[in-house]
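The sequence shown runs -10 to 361 under my numbering.
Please keep in mind that the hints were generated in silico from the structure rather than gathered at the bench.
Nothing here was measured: the structure is a model prediction, and the numbers come from that model.
It is possible that some hints are incorrect.
What follows is a set of in silico ranges between Cβ atoms, one per label pair, in the way DEER data are often shown [said to hold, decoys possible]: (1) Val111 / Glu131: 18 to 26 Å; (2) Val266 / Trp34: 43 to 51 Å; (3) Trp206 / Ala24: 22 to 30 Å; (4) Trp34 / Val97: 49 to 57 Å; (5) Trp206 / Arg339: 37 to 45 Å; (6) Val97 / His229: 23 to 31 Å.
The beta-carbon is built from N, C-alpha and C at its ideal position, and this holds for glycine as well.
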Amino acid sequence: MKSVSGAYFPALDHLRALAALLVFTWHFTHGGQGAPLPYEGVPIWGPLVLFDEGHVGVSLFMTLSGYLFMRLLDGRRIHFGWFLWNRALRLFPLLLLATMLFAIQRAVDEGDIRRAYWVWAVFPKGFVKPSWPNGGWSITVELHFYLLLPLLLALMRRTWLAMLVLLAAALLFRWAWYQQHGEVEFLAYWTLVGRIDQFLLGMLAAHCRGALVRRPWAVAALWVLFLSFYDAFDAAGGNHGLRQSSVWIVLPTIEGLAFAALIAWYDGAGIAANGAVSRWWGKMGEYSYSIYLLHFFWVFHLAHWLHRHVVDLSNAYVAFGVAFVAFAASMPVGYLSMRFVEAPFLRLRRPYIRNAVQQPVTGPAGDSAAGR
């Protein structure tokens, strides 16, 4: 969607749609604790391995956020209050609706109206802990990133090497935590302690996207390595089976590096098509937030019903194909959510970009923020 600055990047909507599809497919195939498709023994390699580990869609969303805000704000000053106001208008109307539906669902499922009150009683904790229902936990992480954004922009204006120092600090902290507690999956997956890598790498990729666009062979080689890594990760148990593993020390960094390179290359190469399919896929990206928060209310039941009555989903390739069709069929839900829940509040947004800073920083590729 267009920001209040008027900027719109269709390639990023394409990648938002991909992120939502990854998460949707993960829940459709594995959501019922490994049913209808079991976690183990799925013989897949290549890009499809990411759908078998579709939780990486969250990593793509986080990296996209870092990339987008750096793309918009690199070399500019912002009114931070209006920035937070705009983000609240974008995120909270639908989050509040999803929480209300979740509270009703809990009360009906458990036959106790007090469960609905409990959901709202603990809602304020979500500003600190990743506890909001459905996919709302990730909004907590986003909010924490927004609070750090002015500092990160200021550091980038001094030197992009500051981002690498922060990355090293995050890796060192996760390593120390693992040495002390024997696990670090919760911090790495559910909090900014792990997700900061993806925001930072997205910001760095936006700042030096010209260098990545000029080196598609390097991006391709990185993705061959990334898919090979994820193939081994998936075969060893993946997200479900390796929660105590030390791999979580570096997993957020690996995911952020691969996705940041992909985002910068796809956005900078200008290859996003303008045909009907591209526009439809872009609309799915526009509705991705709606689908991300609302699909929890039907995706598990739909998969189980189809598995019992229509088609056997214990085959990974069949399950993925059906999941893709179900995702496409979610477009009306996204449209209705955008039309009646989100869009009315978006009209209340305020411009928050003030002006350019006097001396934009020079990135590693020699591309200044003002010259891009």
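Results for each hint:
1. Val111 / Glu131: 18 to 26 Å: holds, 19 Å
2. Val266 / Trp34: 43 to 51 Å: Because 26 Å falls outside the window, the suggested range is violated.
3. Trp206 / Ala24: 22 to 30 Å: violated, 41 Å
4. Trp34 / Val97: 49 to 57 Å: For tryptophan 34 and valine 97 the Cβ distance comes to about 42 Å; the hint is violated.
5. Trp206 / Arg339: 37 to 45 Å: Since tryptophan 206 and arginine 339 have Cβ atoms about 43 Å apart, the given range 37 to 45 Å holds.
6. Val97 / His229: 23 to 31 Å: holds, 29 Å
Hint check: violations occur at hints 2, 3 and 4; the rest are consistent with the structure.
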